[in-house]
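Line order of the protein sequences matches chains P, D and L. For the first sequence, the UniProt record's numbering assigns the number 224 to the last residue and increments by one with no breaks. For the second sequence, the UniProt record's numbering assigns the number 552 to the last residue and increments by one with no breaks. For the third sequence, the UniProt record's numbering assigns the number 475 to the last residue and increments by one with no breaks.
No lab work stands behind these hints: they were computed from the structure. Where is the CB? At the ideal position from N, CA and C, for every residue including glycine. Careful: at least some of the hints might be erroneous.
[What the hints assert, rightly or not] Short, incomplete list of chain P residues facing chain D, as computed with Cβ under 8 Å:
{"#": "1", "residue": "A94"}
{"#": "2", "residue": "T128"}
{"#": "3", "residue": "Y148"}
{"#": "4", "residue": "T151"}
{"#": "5", "residue": "P184"}
{"#": "6", "residue": "P187"}
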Amino acid sequence: MNRNSDVNGDRPARKAGVSRRSLMLGTVVTGFSAAFGEFGLSGGVARAATVDDATFLSVSRVITGHSELHPVIARRLFAAMQKTFPDYASKIQALSGLVAQGGTPREILDRAGDLKDDLLALNAAWYTGSVQDKTNAPTVAYYDALMYQPTRDGLPVPTYCFDRPGWWTETPPPLGIAVHAPLPATPPAPVPQGIESKAPPQTAPLGTIPPSSPPHSPLPHREL
Amino acid sequence: MATPEFSQSGDVSADVVVVGSGVVGGMIANELAAAGRSVVILEAGLRLKREAYVENWRNMSFHNRLHSDFQGLYPQSPLAQAPLYFPPNDYVGLSGPNGSAFKQGYLRTVGGTTWHWAASCWRHLPVDFEMKSRYGVGRDWAISYNELEPYYCRAEEEMGVSGPHDVSLQSPPERSRPYPRDMIPFGYGDRRVAEIVNPHGFHLVPIPQGRSMEPFGDRPACCGNNNCQPICPIGAMYNGIQHIDRAEANGAVTVAEAVVYKMDTDENNRITAVYWYDAHRQSHKATGKAFVLACNGIETPRLLLLAANARNPNGIANSSDQVGRNMMDHSGVHASFLANEPLWFGRGPAQSSCIVGPRDGGFRSEYSANKMILNNISRVAPATQQALALGLVGQELDDEIRRRAACGVDLSISLEPLPDPNNRLTLSKTRQDPLGLACPDIHYDVGDYVRKGLESVNEQVKQIAGLLGGTELRITTDYNANNHIMGGTIMGKNPKDSVVDGDCRAHDHANLWLPGGGAMPSASVVNTTLSMAALGLKAADSIKADFEKGRA
Amino acid sequence: MRKSSRKVLELAGHVGLAAAALVLSCTVVRAQAPEANEAVAQRGHYLAVAADCAACHTAPGGGKPFAGGYGIASPLGSIYSTNITPSKTYGIGTYTEAQFARALREGIRGDGAHLYPAMPYTSYTKLTDDDIHALYVYFMHDVKPVEAKGPETALPFPYNIRASMAFWNLLFLDDTRFKPEPGKSAEVNRGHYLSYALAHCDTCHTPRNAMMAEIGSKALGGASLASWDAPNITSDPKSGVGSWSDDDLARYLKTGDVPGKAQAGGPMAEAVEHSFQYLSDGDIRAIVAYIRQVPAISDSRDTAPRDAYGKASDREDAYRGVAESGMSRGERLFSGECAACHRPTGKGSPDGYYPQLFHNTAVGAPIADNLISTILMGVRREVGGHTVYMPGFGEGSYVDALSDQDIADISNYVEQTFGNPAVKVTADEVKLTRSGGPKPLIAKLGAFAVPGMIVGVLVLAGAVVLVMRRGRKKH
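Isolated chain P (complex conformation):
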């Protein structure tokens, strides 16, 4: 199977960078269809008059680099973020100013200054589909959460079928990127599977035993 980011077929692939034109287009997207739900309606959530859903969407598209972000999720995520974080509209207002000069997500992050945490939090919300990485945090997206995009050609979004029974026996797609990449910092330990509301303690990274070691052989049975 070739790497084909559209194999799951529901969203166009990432576009590298965002042009000023698409940014402009994003800001005029208005009048989203009516919906419902806790984060579907704006009622009860105070908003700054100058920041609308379209601004939130266009800022989101630029900082994530994903031009295909869906307006319905954007509207619901914006409402959820406003409910969770005080004065959130002004943060979007500030981010809107930051992204106006254009650039790649990395370039924008590099000049974000005090807005860095806000930018990363918004970016994380689009990736995880939840407003925060916190127990029972409000969630607005699952199937279309951005976290599943980079592996859509090789891994299912859990609960949704991928292909016919046995598809997993086929050769997976090529990785398409370097196996090793320079990291900006030491990553935190991954969360192991198991019922824990927080990651259990783990060792610092350990050395491994080189493969030239003799084969592992358990002691033979001790017959009594």
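Add chains D and L to chain P, keeping to what the hints say.
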């Protein structure tokens, strides 16, 4: 077709009263109902549709899903709590050196905890039944592997297990009948790891699983949507509800939201009735000829202790004082690393292959065996969390998620505690459930046998990671629970130091059976469900024989 | 529960038309051993597959080939297929070729008794003498005798009087052989022969009159079966299959699956499983060539082809994380019960194994019968050694047993989102489908109405005989 009789007040009378509607209770209920006995099943929890669990899971917060909140999607009856961890409800009070290793996630709901298992259907090894006589540690079972073997076969057939027809991949290979279906084929990651580690003695084999590649009865083929835990959305995996459905088709009746709290005994110490609270806290009585408690390894001993009466002041079935003692689980650790090539775990069902090389050996006289599951749950969520924590954005973020998801390895490692009477479930003196019934407390220490076994595990993990060019190798330093609760109603030949006999019949009560994990005197290192089911079917046969011989 | 609606239909209307018992003379003739000609037998085997004999005469789930014993459910009771192996005691081992031909063409057994038209002799009567011979050689020579007696069919009075079928045959059995239509290509004529004399497509796809006889002027125009709907397969581009390509039609017959368009379920899945998948490519092409030129039958209510409705959905973006109380029941249930395989988008899996819901003929059809039946009973189709299986959601379903209202809500959501928004489903319709679909008149009327029907049939039969005689005189 015999059916239980309900009175106007809601009391019930049946040949067989089964408390607990999980895989064991369901199978026994079905066996007895199919044999023409009237059966009532009393279940403390709710009865909901699969669809509700599926949607609750998808709607959960990323954080809950990342940390495997497999309990939270199953709504609980307000009167029948089960452990919750997001946030913790402290239903089970834990203490002791490794109390935190006993954070079990079991369900009190119609169908039981196999709603969120991963369908691993392992057998114990023959030697696991003779730990004391072969290795001088732990206890021997009251029955041999050969006595349980036919029931293993039946349990596999009932559950539709796919396992390797190739004898060299079987663990154990001692079988009288083949698996109902051949193994679920390996994905790329399993094949690649086997190729690399097997020459070094690790012996990676397919996990026998309760799902199949072609439809099995009315179950569809597994589509590998990688969500076995916490819910198979399409019903390709065996869940205990399948036997509840079958039992009901044979005339059994399930009463949900029925919290059993009391038991009556007669002058011969036979059980004559159990009592339950309904959803409105009204008490009802179930009379019968044979009684089965199959409420899981924590709730069964808890109920036996709660139901203490004048004739059995230390609790039902507890003349040996062993009820609630010897609590075991496959206390385990996780090891994770990044391989230096993409292995793409997360394709196919959530469990696929397992390293069983260190499952047995002479070392077991000194320290614990282990098994290492190559966890096949998608690594996308932890990869995302790590990549986000690195402060990446844009293409670099997407690449890092892809790299970590494709190269990430998680080994779920199980060890084998020995039965220790000090590892004990007791009734809390301070905490009560909403019905005023004492909550369970558990004191737990994995023991030096496991601690020494972990040293060996750490070396083996370092070697495996080395073979796969691993970086960022980390091993958890606290033991985690695996929900394989054993020991609390331990089996043995001697009524003075055990609770049940080889049929899981209580030594103290001729018409009470306590089948399931609680009866298991040795943990082995493998998931307990198939052994529990086999014990359940064996118990069902002994109940049937009692009825046929007029002893019931 | 998996009953063949096709077979039910074949007999449902017929068996009740009891009039009076006829004493039929019964000539017992010793069977002669047929010539052991392997080539002829092989052709006979192929014809038996094309005629789908095994569908009824081999009990599903491991029954011995052609030993019968398959209980075909009917509103009047089970009709058991018979042993048609060459067992001299329990099968057709004593049949002469003439007796064999008479059973196939006239529905009369070797002992002279009438068959119920569960046996599609109104179709097989078109078979050529050569093909009858080949079938005879195959059954006598290649089929292994099974020395076992199957269960007896025992319908209640008056349906147990088999001779009543004589009257129905008089009215509706056109006992003539297939004649190629001049002016049509050899391929079309071959396809016509295969479709009628063997595959008996018309049995399901041609609507029937009150006497349960096919309406010739509406050939293949679509008909409602018990729970399922056999769609219009004429060449009309909107009401029929005129918009399908030849390849699509051929693939459908061979596999029961045209990804992104149509999947065979219910009785059609059985026809593909037992019969069509084994036909030669040439014969499949011939059937397609024939079907393509069947005169169009158009329903003015069909404004677009069935496979032209609906589009991908992005509704998950709106409902994820929303409490159950904030969603429509249909949407919630669709997401929880259906979306795992068909995906929230309705696109199914990229390889087409899990079908796409929009542009899907079952979903875009003008009536929801096949959608409802699929949800209730699921789909099972074994093709090429693999079983395509969707579990049903009816009573006792392991996945989830859904209520009538649940299925109505899901159906309406699916129709609105992916299909024909004009189609509305009620819980009562689901209930009817669950109970086996609308009952034929004779089953509804019950035994008390039978005497009246007998009189009616006798009068009608008399009138028809009179007319026929007059017609002959004119010539």
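Against the structure, the hints:
1. For P/A94, the shortest C-beta to C-beta distance to chain D is roughly 17 Å, which exceeds 8 Å, and the interface hint is violated.
2. This hint holds: P/T128 has a C-beta 4 Å from the nearest C-beta of chain D, less than the 8 Å allowed.
3. Of the supplied interface hints, the one on P/Y148 holds, with its beta-carbon coming within about 6 Å of a beta-carbon of chain D, less than 8 Å.
4. Against a cut-off of 8 Å between C-beta atoms, the interface hint on P/T151 holds, since the closest Cβ of chain D lies about 5 Å away.
5. With a cut of 8 Å, the hint placing P/P184 at the interface with chain D holds, because the nearest CB-to-CB distance is about 6 Å.
6. The interface hint given for P/P187 holds, since its Cβ lies 4 Å from the closest Cβ of chain D, which is under the 8 Å cut-off.
Hint 1 alone, counting from the list given before, is not met by this structure.
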